[in-house]
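> In case you want the letters, here they are:
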Amino acid sequence: MRDAYVIGAGQSPYGSFPSESYRSLFRTAFEATTESVDHGVDPSEIDEAFIGMISIGGRQLGLSGPAVTEHAGLHGIPTTRVENACAASGSGVRHAIQAVKSGMADLALAGGVEMMTDLSSDTTRYWFGVSGETEWERMAGTTFSGVYAQIASAHMAEYGTTREQLSRVAVKSHENGARNPKAHLGFECSLEQAEGAATVADPLTLYHCCPTSDGAAGVLIASEDVAAEYTDRPVKISGVGAASDGVGLFQRESYTSLPATRKAGRDAYEMAGISPDKLDFAEVHDCFSIAEILAYEDLGFCEVGQGGQLIEDGVTTLEGDLPVNTSGGLKSKGHPIGATGAGQLVEAFDQLRGTAGDRQVEDAEIGLTHNVGGSGGAAVVHVLEAPERAEVES
Amino acid sequence: MSDSLGIAAVGTYVPRRRITAEAVTEAWNRFDGAGIQETAVPGPDEDSLTMAAAAARRALEASDVDAGEIAALSFATTTPPLEEEDLSVRLGEFLGVGDDATRTLSTGSTNAGVRALTSTLAAGDGPALVVASDMPRGEPDSAIDHAAGAGAAAFVLTPDAPVTIREQADHAIDYPGTRFRERGSTTVDSLDITPYDRSAYTETVGGAVDGLEADPSAVDAVALQAPDGKLPYRGAKVIGTPSDAVEPHAVVHSLGDLGAASVPLSMASALVDGVDRLLAVGYGSGSTATALSVEASGAVPGEVDLAGEETVSYAEYLRLRGEITSGEPDGGGAYVSVPSWKRSGPQRYRLEGGRCPSCGSLNFLPDGACRQCYELVEYEPVQLERQGTIEAVSVISQGGAPPEFAELQARAGDYATAIVAFDGPDGDTASAPVLVVDADAESVDVGDRVEATVRRIYTQEGVTRYGLKVRPLD
Chain A
1 MRDAYVIGAG
11 QSPYGSFPSE
21 SYRSLFRTAF
31 EATTESVDHG
41 VDPSEIDEAF
51 IGMISIGGRQ
61 LGLSGPAVTE
71 HAGLHGIPTT
81 RVENACAASG
91 SGVRHAIQAV
101 KSGMADLALA
111 GGVEMMTDLS
121 SDTTRYWFGV
131 SGETEWERMA
141 GTTFSGVYAQ
151 IASAHMAEYG
161 TTREQLSRVA
171 VKSHENGARN
181 PKAHLGFECS
191 LEQAEGAATV
201 ADPLTLYHCC
211 PTSDGAAGVL
221 IASEDVAAEY
231 TDRPVKISGV
241 GAASDGVGLF
251 QRESYTSLPA
261 TRKAGRDAYE
271 MAGISPDKLD
281 FAEVHDCFSI
291 AEILAYEDLG
301 FCEVGQGGQL
311 IEDGVTTLEG
321 DLPVNTSGGL
331 KSKGHPIGAT
341 GAGQLVEAFD
351 QLRGTAGDRQ
361 VEDAEIGLTH
371 NVGGSGGAAV
381 VHVLEAPERA
391 EVES
Chain L
1 MSDSLGIAAV
11 GTYVPRRRIT
21 AEAVTEAWNR
31 FDGAGIQETA
41 VPGPDEDSLT
51 MAAAAARRAL
61 EASDVDAGEI
71 AALSFATTTP
81 PLEEEDLSVR
91 LGEFLGVGDD
101 ATRTLSTGST
111 NAGVRALTST
121 LAAGDGPALV
131 VASDMPRGEP
141 DSAIDHAAGA
151 GAAAFVLTPD
161 APVTIREQAD
171 HAIDYPGTRF
181 RERGSTTVDS
191 LDITPYDRSA
201 YTETVGGAVD
211 GLEADPSAVD
221 AVALQAPDGK
231 LPYRGAKVIG
241 TPSDAVEPHA
251 VVHSLGDLGA
261 ASVPLSMASA
271 LVDGVDRLLA
281 VGYGSGSTAT
291 ALSVEASGAV
301 PGEVDLAGEE
311 TVSYAEYLRL
321 RGEITSGEPD
331 GGGAYVSVPS
341 WKRSGPQRYR
351 LEGGRCPSCG
361 SLNFLPDGAC
371 RQCYELVEYE
381 PVQLERQGTI
391 EAVSVISQGG
401 APPEFAELQA
411 RAGDYATAIV
421 AFDGPDGDTA
431 SAPVLVVDAD
441 AESVDVGDRV
451 EATVRRIYTQ
461 EGVTRYGLKV
471 RPLD
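Chains A and L supply the protein sequences, listed in that same order.
Counting in the UniProt record's numbering, the first sequence runs from 1 upward without gaps.
Counting in the UniProt record's numbering, the second sequence runs from 1 upward without gaps.
If you're looking for bench data, these hints aren't it; they were derived computationally from the structure.
Hints are not guaranteed to be accurate.
[As the list claims (entries may be wrong)] So the derived list for chain A, only partly shown, Cβ under 7 Å to chain L, looks like this:
#1 Arg125
#2 Thr134
#3 Glu135
#4 Arg138
#5 Met139
#6 Thr143
#7 Ala154
#8 Ala157
#9 Tyr159
#10 Gly196
#11 Ala197
#12 Thr199
#13 Phe250
#14 Gln251
[Claimed, not checked] Quick list of the computed label-pair ranges, beta carbon to beta carbon:
#15 A:Glu312 - L:Thr459: 38 to 48 Å
#16 L:Arg343 - A:Ser16: 19 to 29 Å
#17 L:Glu26 - A:Ser16: 26 to 36 Å
#18 A:Gly160 - L:Ser361: 26 to 36 Å
#19 A:Gly160 - L:Ser443: 13 to 23 Å
Ideal placement from N, C-alpha and C gives every residue a C-beta, glycine not left out.
With the hints as extra help, turn the sequences into a complete structure.
Here is the structure:
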């Protein structure tokens with residue numbers, strides 16, 4: 001199979017945009033994506049698109065994929081809407097990579113969009129809730145935050161993880177997000193603020209939860225045959241892993257880890273031929289603070305049960321040995337569900353090309369993105385390498 | 001009257017919350033529930049059907065009878081959650097009563113509980129289960145509402161049981177307007193003509209007892225219909241029985257008017273207490289009365305615990321019963337179709353799991369590929385225990401509930417939601433997500449032991465979905 005490269009990536013600002021539509025937001029992201037391509041790209045050169053989405057203003061449309069690509073001027077190309085809850089566009093990226101590697105496409109667009117602030121708070125909770133096990137988990141009165149709170153309770157009971165450690169994740173994410181001009185909540189927060197915020201689902205406070213965001217992101221994936229036409233500095237996708245699991249937490253072998261993440265991570269590391277200690281940074285799925293701690297453990301950044309200690313030791317701060325969520329993560333940057341996975345690759349693209357501004361990780365050569373659907377029913381992991389490491393065939 | 005069936009075991013259920021007469025007085029400057037100190041307040045996810053299920057399960061547990069053996073099931077209430085539907089069918093499904101059992105729903109009169117008992121005994125089709133459950137309501141400023149309580153009692157009837165009904169006598173006098181509920185209304189009404197109401201009660205009750213050969217003055221205890229805390233004593237005078245035979249088992253003083261469950265609960269209390277000769281008199285508006293002469297040869301198995309666990313203010317009382325909440329919010333709830341719900345009834349109501357024939361692991365839900373070996377198998381049915389241990393828990397704070405639970409949360413406050421590992425038959429467990437009730441949400445922890453109880457989950461398309469929640473084990 002051919003190698004696949006990211007030759008461009010861009011996103012809209014994340015936040016609340018009452019004057020935008022899901023189409024216009026996607027257009028903004030698409031334009032940012034094409035503008036990031038060093039030698040330029042004409043939309044007509046894009047062979048195929050995979051767009052992640054879950055709901056459009058509380059509605060589920062049957063052809064929302066073509067609706068956004070046609071709106072962005074990608075006329076006539078095969079467009080597939082990818083639905084995998086919060087892992088929608090991470091899965092879309094994987095589909096695009098498959099299309100490129102298989103030879104079906106030379107240049108594929110993966111992206112995602114979500115308009116979530118159009119909705120009443122009740123409807124928002126409805127849409128968040130459909131990403132879980134609706135018939136059983138939800139009928140136990142559980143929300144999306146409630147499921148992660150259950151995970152947190154089990155992690156605390158089993159490993160002694162503390163609320164303070166959860167809060168430190170939020171503090172770190174906001175510190176990074178404050179350096180990201182596109183972040184939804186681009187401000188810093190103190191440990192006291194995170195600790196003392198209103199409880200959403202005990203033991204999770206408001207600062208342990210991601211915001212409800214609008215946003216869109218796009219990633220252009222090129223084959224090794226054409227990547228050089230678009231840039232001299234492509235980012236190589238060296239590892240891809242994906243997995244699924246029981247949608248309901250109660251159906252899993254563990255409540256203190258996401259087995260789907262473990263498998264996706266293992267496969268991605270194996271394909272990339274690296275171990276976790278080779279990573280220079282990671283963008284992990286932190287819809288709730290406990291999710292980031294699980295990711296540390298499931299992706300091998302630390303031993304099982306040591307995720308809380310890892311954040312407490314400062315390892316994952318921007319200045320630490322393994323910066324995590326330099327973008328601010330879902331917590332600070334925002335979580336427009338369908339756009340989240342692709343948005344993680346936008347940050348990895350910037351980091352690996354040295355264009356991440358104030359939040360740049362020094363000498364970043366290998367990075368990882370990790371996108372989770374629901375509470376672990378799906379997971380997608382990508383390993384990416386800086387242009388300096390990539391061998392581009394001309 | 002069949003002489004082959006008798007009462008083999010009893011079960012009762014009373015909600016945990018109470019409101020005192022003082023609290024009502026504080027709100028209305030008066031309390032019109034004569035002779036009542038406090039009343040039982042049902043939870044926002046409780047109704048006559050859920051209370052019936054709890055009492056019935058306790059009665060079955062106290063007996064040697066398995067639900068699958070029940071040949072006749074009778075459910076009596078004046079407050080069925082639906083005006084039309086034979087709710088005894090769903091009650092049977094909650095319990096695991098077989099498809100061939102005779103089912104009867106009795107309603108329309110507070111005498112329905114006693115009548116359900118007598119008609120089931122008369123049919124002689126056993127083993128049988130008779131359940132009376134009620135939660136009358138009136139307009140908040142009415143005497144009926146001040147007196148209104150909630151509770152349920154169940155009787156397992158078997159041949160050669162220690163308790164037999166020796167005699168039955170009925171009496172009916174046309175007394176319109178004493179107590180009635182208009183079509184489409186959820187509240188009981190009365191013309192409130194005191195002498196008229198009193199005459200209706202005493203004449204019909206007296207007439208029924210007169211029809212018995214048994215000497216009312218020679219009984220050990222009397223279970224008299226109690227719309228309030230005074231009428232039973234007035235009735236006792238009329239029928240010629242001492243008032244100290246009424247008081248020990250008159251549940252009205254601490255629970256309020258229990259409607260169709262009033263006499264059954266008093267009977268259960270007396271029988272568990274070991275009373276040998278009992279006179280029971282049901283009364284219902286219209287007016288009818290049914291008198292029973294009951295003889296027991298020893299205490300009946302079962303427990304009667306009428307103690308409350310939490311006293312609520314009047315504002316909390318109004319909130320709990322939905323008087324001052326706004327109902328389900330816009331935005332819709334998760335749609336789980338009624339056919340989907342029905343298909344999972346054995347799991348939702350009775351925790352039926354399955355054992356994988358390939359690897360032997362216990363699965364809940366028992367469908368799809370085995371969660372251990374991933375084989376596509378036909379599961380061997382396994383009945384999980386109704387007790388289990390909390391493995392993971394969170395508390396859903398106000399405003400954080402899914403839309404379909406928002407009204408419940410508005411009425412009940414923060415609630416805990418958990419994953420519980422239910423005990424399996426061979427020392428293994430299977431886990432299910434459940435909502436935790438009857439607990440201070442903040443106090444629920446990983447490792448706590450809980451038991452399952454049927455409650456309302458939510459209502460959509462007019463059809464209430466019932467299912468298991470859990471409550472802490474003492």
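> Looking at the structure, which of the earlier hints fail to hold?
9, 10, 11, 16 and 17
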